[in-house]
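> Residue numbers (the numbering used here), protein chains in the order written: chain S, 1 to 248; chain A, 1 to 77; chain Z, 1 to 355.
You may find that some hints are simply not true.
To be verified - Chain S residues, not near chain A, derived (Cβ > 12 Å throughout):
no., residue
1, Thr23
2, Lys141
3, Ser224
4, Glu235
5, Leu238
6, Gly239
7, Phe241
Unchecked claim - Within a straight-line C-alpha distance of at most 20 Å, the following computed EDC-like cross-link-like pairs (lysine to aspartate or glutamate) qualify:
no., chain 1, residue 1, chain 2, residue 2
8, Z, Lys318, Z, Glu240
9, Z, Lys204, S, Asp39
10, Z, Lys204, S, Asp245
11, S, Lys7, A, Asp46
12, Z, Lys200, S, Asp33
13, Z, Lys204, S, Asp42
14, Z, Lys200, S, Asp85
As the list claims (entries may be wrong) - Which bits of chain Z does chain S cover? Going by a derived footprint, with three or more residues having C-beta under 8 Å, they are:
no., stretch
15, 34 to 46
16, 63 to 70
17, 86 to 96
18, 187 to 199
It is worth saying that the hints were derived from the structure and are not from the lab.
Ideal placement from N, C-alpha and C gives every residue a C-beta, glycine not left out.
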Amino acid sequence: MAVVYQKSTGLTDVEMHYCPGCTHGVIHKLVADALVELDLLDNTVGVAPVGCSVFAYNYFNCDMHEAAHGRAPAVATGIKRVLPDNTVFTYQGDGDLAAIGTAEVIHAAMRGESITTIFVNNAIYGMTGGQMAPTTLVGQKATTAPLGRDQAHYGQPLHMAEMIGLIGGAAYSTRVTVVDMPNMMKARNAIKKAFQMQREKKGFTFVEVLSTCPTNWGLTPVQSLSWVKDTMMQEFPLGVFKDIDKKE
Amino acid sequence: MASRVTFNQDRCKGCSLCTVVCPKNIIFLDRTITNRRGYHPATVEDMAACIGCANCARMCPDSVITVERNIEEEKTT
Amino acid sequence: MKKELWKGNEAIAEAAIRAGCRHFFGYPITPQNEIPEYMSLHMPKVGGVFVQAESEVAAINMVYGAAGSGARVMTSSSSPGISLKQEGISYLAGAELPCLIVNIMRGGPGLGTIQPAQADYYQATRGGGNGDYRVIVLAPATIQEACDQVRDGFDLADKYRMPVMILADGMIGQMMEAVEWHDSKVDDLPEKAWATTGTKGQRKPNIINSLFIDPNESENHNLKLNRKYEEVKANEIRYEADIPEDCEVVFVAYGTPARLARAAVRVLKEEGINAGLFRPITLWPFPERELHEIAKRDSVKAVVAVEMSMGQMIDDVKIAVNGVKPVGFCGKAGGIVPTPREVADAAKDALKGAR
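This is chain S alone, in the form it adopts within the complex (with noise of 0.2 Å):
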């Protein structure tokens, strides 16, 4: 018997402290794999925001570097001018990156770091408890919207993969979701796109990935995926935003 699927080599052998059937788990897989599967992983050092995925640092089986709130481009950018030939990624939820960090990953975007950021956008504050976010839908309920997203008070969800794609110093820009299999397989392509753009120092790669948060969105795990699915991708397509090597 040949051992087709097992837990990622880049991946420690630390439990998760994720809800169950929380989706940031398959992500977390999905970047260790990939880093193992281009030969980076030795030559690597991860950025950890604060939120869901603050304990990363804990599981991906490489240098970490924990980040201030919102600070992991910055962070990320430091380290990168000190070690232009690692590998160097950000791991950020979307009240980190597209509340408090949106100044630091616009601007390592602009700037064309030659960082990636994987960005889970599941469309709320976890950690915290299931506050509001940036990219909380228009109409959807949470802790500090107790009665849904009022669009008259709060606007409309931030759209960031668009935003990152119009800026020139970005490489690589997509949204992409795990939610069931076809895509998890355009998930696990387009985060070794952006790693591989990354080692040929393209500039600034960026993918967002559609995420679950079932203790939050108050669904089980597997309504959650379905919510993704009929919901969520309504308000955040899927699609490539920005390829530098399409045009080329």
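Go by the hints and put chains A and Z onto chain S.
Frame of chain S; chains A and Z shown alone:
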């Protein structure tokens, strides 16, 4: 047996995501077992039906699933 | 070595390059702009990196990343910008990373003024960020001393794995003075086995982190930091004491006011009063015991804190003097520099009160 799927049941959180991506519908939560975390872990009884596609393992957020396939047997049949 | 005329800010930048600093992350703010400007021109010449960040917040977090990867790294700013850096300074202290931070102080609060001041003493010595932490604070009174402290600061940061701040008023940054460059060996900088540089498959992953979710681990981390701070207090206090025999009044001042207090000592001498100057060079750790011993002398009738603030260092002076003598004050704020006459008069007032 062409394929085998094993679960690290101690670490399973009983989320059921593996059960919905299994094309053979052979994975279920074993309600006769409660693991140390208090979850009913996923399991397979009809292992003969497993095709070793690894969908379950890829979908498992906690990486508790290992999938093996008898590649020699596949070549000869 | 021959002396050269240098502007304070540019001299500090040059001193950093000579001290082996190859990474600088900054953001423009007056009156420290010559530091990033100098770095932008000269860093590339030595194979170094200068990045102008999108904010002071980003700049200090770039320092945090670079320090974690083992670089000899620096940032500079002025008062409102240093306020923005406090988050990163707290993380650097918590994650035990070395770096050099230069604050060329201007008046506050808020936007304040661009003129020189010393109103950030509390922020520097008490920790402007969250948590129980310290940074070593060095206070130069001349441009030569600022240059020497840059090297000293980097070495202290590496030795104790903690941020070091040079706290200078805008006068030090903006004026020109003679500087003599000393040979500064940079090929024997310490190994940083803890840095995140990629495992190369040779070791377990390194983690740079300030999060300890378990309260016992968190307390142990704080105790560890505190032991380090006690070690710094025991070994690294720096000060200058120019206290004559029969000294009646002791000025305590750092930076530009120390120079004015020295002039006030001469003014008082002409008037028949014996005054001296105690100049803390490390503001944290403050030379508490050393000042206390001087204040205890029989001849000393009063101690006078001289600051370009409404009175911040005076708290440390009072802690040091601990009631053995009265403590007077001469303070100017908002960009106004005291004159030697004003400083001398403050001494006379203090002596009057002491009798």
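> For each hint, tell me whether it holds in the structure or not.
Outcome of the hint check:
1. Non-interface status of Thr23 (chain S) relative to chain A is broken: a Cβ of that chain comes within 12 Å, the nearest being about 6 Å off.
2. Separation of Lys141 (chain S) from chain A is adequate, the least Cβ-Cβ distance of about 22 Å exceeding the 12 Å criterion.
3. Distance check on Ser224 (chain S): its Cβ comes as close as 9 Å (rounded) to a Cβ of chain A, failing to clear the 12 Å threshold; non-interface status is violated.
4. The Cβ of Glu235 (chain S) sits about 23 Å from the closest Cβ of chain A, beyond the 12 Å cut-off, so the non-interface label holds.
5. The beta carbon of Leu238 (chain S) sits about 18 Å from the closest Cβ of chain A, which is more than 12 Å, so the claim that it is off the interface holds.
6. With a closest Cβ-Cβ approach of about 22 Å to chain A, Gly239 (chain S) is found to remain outside the 12 Å limit, as its non-interface label requires.
7. In this structure Phe241 (chain S) is separated from chain A by more than 12 Å, as the shortest Cβ-Cβ distance comes to about 26 Å.
8. Our distance criterion of 20 Å between C-alpha atoms is met by Lys318 (chain Z) and Glu240 (chain Z), whose separation comes to about 18 Å.
9. For the given pair, Lys204 (chain Z) sits about 17 Å from Asp39 (chain S) by alpha-carbon distance, which is consistent with the 20 Å threshold.
10. Simply put, Lys204 (chain Z) and Asp245 (chain S) have alpha-carbon atoms about 35 Å apart, too far for the 20 Å limit, and the pair is violated.
11. For a cut-off of 20 Å, the pair hint linking Lys7 (chain S) to Asp46 (chain A) is broken: about 23 Å separates their Cα positions.
12. Pair hint Lys200 (chain Z) plus Asp33 (chain S) holds up; C-alpha atoms about 17 Å apart against a cutoff of 20 Å.
13. For the proposed pair Lys204 (chain Z) and Asp42 (chain S), the alpha carbon gap of about 10 Å is at most 20 Å, so the pair holds.
14. For the suggested pair Lys200 (chain Z) and Asp85 (chain S), the alpha carbons sit about 12 Å apart, so the restraint of at most 20 Å is met.
15. Counting residues of the stretch 34 to 46 of chain Z whose CB lies closer than 8 Å to any CB of chain S gives 0, so the stated coverage by that chain is violated, three being the minimum.
16. Counting residues of the stretch 63 to 70 of chain Z whose CB falls under 8 Å from any CB of chain S gives 8; the rule of at least 3 is met.
17. Only when three residues or more bring their CB closer than 8 Å to a CB of chain S does the claim for the stretch 86 to 96 of chain Z stand; here the count is 4, and the claim holds.
18. Judged by the Cβ-Cβ criterion of 8 Å, the stretch 187 to 199 of chain Z is covered by chain S as claimed, because 4 of its residues qualify and three suffice.
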